[in-house]
Amino acid sequence: MQWSDEGIVLSSQAHGETSTIVEVLTREHGRHLGLVHGGRSKRLRPVLQTGNLVRAEWRARLSEHLGKYAVELLEAHAARVLDDRAALAGLNTLTALARLLPEREPHQPLYDVTKLVLEAFSEGEHWPALLVRWEFALLDELGFGLDLDECAATGTTEDLIYVSPKTGRAVSRGAGAPYADKLLALPAFLLPGNGGGASPSDRDVADGFALTSYFFEKNVWQPRNMTPPQVRERLVARLCG
Amino acid sequence: MARKVAGPEIEQLIQLLARLPGLGPRSARRAALHLINKKDQLLAPLAAAMTAARDKIVICETCGNVDTSIECTICADPRRDVSLICVVEEVADLWALERAGVIKGRYHVLGGTLSPLDGVGPEELSIAGLIARARAPEVKEILLALNATVEGQSTAHYLMDQLETCEVTVSQLAHGVPVGGELDYLDEGTLAAAIKARKTL
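As you go down the protein sequences, you meet chains A and B in turn. Heads up, the first sequence is in the numbering used here, so the first residue is 1 and it goes up one at a time. Heads up, the second sequence is in the numbering used here, so the first residue is 1 and it goes up one at a time.
Read the hints as simulated data drawn from the structure, not as lab findings. In this text, a Cβ means the ideal position worked out from N, Cα and C, and glycines have one as well. Misleading hints may appear alongside valid ones.
In silico lysine-lysine, DSS-like type, Cα no more than 25 Å apart, as pairs [unchecked claim]: (1) K68(A) with K42(A); (2) K4(B) with K38(B); (3) K115(A) with K166(A); (4) K39(B) with K4(B); (5) K42(A) with K196(B); (6) K115(A) with K196(B).
Which stretches of chain B does chain A cover? Using the computed rule of at least three CB atoms under 8 Å from a CB of chain A, they are [claimed, not checked]: (7) 62 to 76; (8) 157 to 169.
Beta-carbon label-pair distances, calculated as ranges [unchecked claim]: (9) M226(A) with R19(B): 56 to 64 Å; (10) H65(A) with E90(B): 28 to 36 Å; (11) V177(B) with T227(A): 50 to 58 Å.
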């Protein structure tokens with residue numbers, strides 16, 4: 001068995017004195033682990049930093065084996081954000097959450113968005129909104145996507161400002177007014193087809209994180225008996241606190 | 001199964017030596033043979049030194065360094081600058097900085113870095129002790145000498161947040177081109193960090 005693919009390093013753990021078990025989110029082969037001989041060497045340690053984009057060649061005798069990776073650096077995303085507190089926390093959040101994906105199942109659309117977010121970390125100030133969108137895409141890939149196309153009560157596509165915590169569907173201002181205190185705020189930048197609008201405000205980003213936090217907790221962390229990644233909580237507190 | 005070549009005591013010596021970093025079964029066998037050949041000059045003093053170390057080694061209550069007294073040699077040294085605390089991940093890092101002889105202050109050993117994957121959170125590290133030391137009036141600067149890795153820098157950023165309430169200057173090691181490093185051979189990450197941290201001459 002052998003394949004070559006592009007991927008994002010999600011984690012690397014020391015194995016023995018010289019090797020590393022690396023977890024890579026690849027485009028065609030999904031989240032895939034493999035052993036890197038010499039992964040703890042001076043040459044490979046910078047390459048295997050979390051968040052880096054690599055070219056990975058995987059070999060194993062049988063497909064179900066752990067296998068061995070040969071990796072080559074394509075983009076050193078980690079090094080670019082090491083000094084930026086918020087962006088590094090964003091990168092850590094992204095890689096921690098990406099580990100929720102099932103192993104060895106390709107998620108190409110999410111992978112492409114992940115690359116965009118990683119590039120955005122070192123390029124500007126708009127990455128928090130992108131990260132929220134990425135979390136929505138992740139929820140979708142995990143099977144818990146939200147339906148924001150139309151109002152769950154009236155079917156209208158106008159003035160959608162709430163999300164029902166029960167169904168994960170959008171609710172319009174008029175239909176949601178009597179239950180406003182029970183509904184979750186839906187920031188406009190998350191609405192379908194609203195990607196090119198004005199830059200989301202800090203309030204919008206905070207509402208977006210609150211929304212994803214709620215559905216991660218309800219559908220992912222609680223059922224799996226997991227706690228949310230601390231780094232995500234610190235990031236949200238930093239960005240929205 | 002490999003045939004045994006010596007008695008159980010020697011086999012055990014080989015097996016234990018093979019568990020040391022840098023030694024495999026073959027090199028452990030060579031080391032054991034060397035010790036046996038130099039029984040009086042090497043094996044006996046080594047055994048005595050190891051027994052003494054086992055009995056006396058303690059962790060410094062102040063900084064987390066290993067030594068043979070509750071207050072380590074560095075913390076007890078009155079010539080050290082009390083206004084500077086250099087924070088390191090492990091004792092090995094402290095020893096590396098001491099070899100270079102560039103830190104005149106004292107140290108604080110965290111005991112690792114934040115790593116959700118390994119279940120290491122702030123509670124598992126010696127952070128509360130650092131904050132308490134940073135609040136002492138004589139302490140003016142905390143130097144974060146953590147590795148230039150994602151885990152190391154994430155921990156540094158966490159410490160910066162925690163130290164915000166202390167009246168100290170927080171600094172950290174520079175990242176960039178190592179001494180003797182040729183640009184042609186440096187990885188892209190190091191080059192990017194070096195460019196980002198460039199200084200005006």
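Against the structure, the hints:
At most 25 Å may separate the alpha-carbon atoms for a hinted pair to count; K68(A) and K42(A) meet this at roughly 19 Å. The suggested pairing of K4(B) with K38(B) holds, with an alpha-carbon distance near 22 Å, which does not exceed 25 Å. About 32 Å separates the Cα atoms of K115(A) and K166(A), which puts this hinted pair outside 25 Å; it is violated. Restraint check for K39(B) and K4(B): satisfied, since their Cα atoms lie roughly 21 Å apart, inside the 25 Å limit.
With a C-alpha separation of about 22 Å, the suggested pair K42(A) and K196(B) falls inside the 25 Å cut-off, and the hint holds. For the proposed pair K115(A) and K196(B), the alpha carbon gap of about 22 Å is at most 25 Å, so the pair holds. Beta-carbon proximity to chain A at under 8 Å applies to 0 residues in the stretch 62 to 76 of chain B; the threshold of 3 is not reached and the given coverage is violated. Under the rule that three or more residues need a Cβ within less than 8 Å of chain A, the assignment of the stretch 157 to 169 of chain B holds, with 4 such residues.
At roughly 35 Å, the beta-carbon separation of M226(A) and R19(B) lies outside the given 56 to 64 Å, and the hint is violated. At roughly 33 Å, the beta carbons of H65(A) and E90(B) sit within the given window of 28 to 36 Å. Judged by the Cβ atoms, the range 50 to 58 Å given for V177(B) and T227(A) is violated: they are separated by roughly 40 Å.
Violated hints, in rising order: 3, 7, 9 and 11; the structure is consistent with all others.
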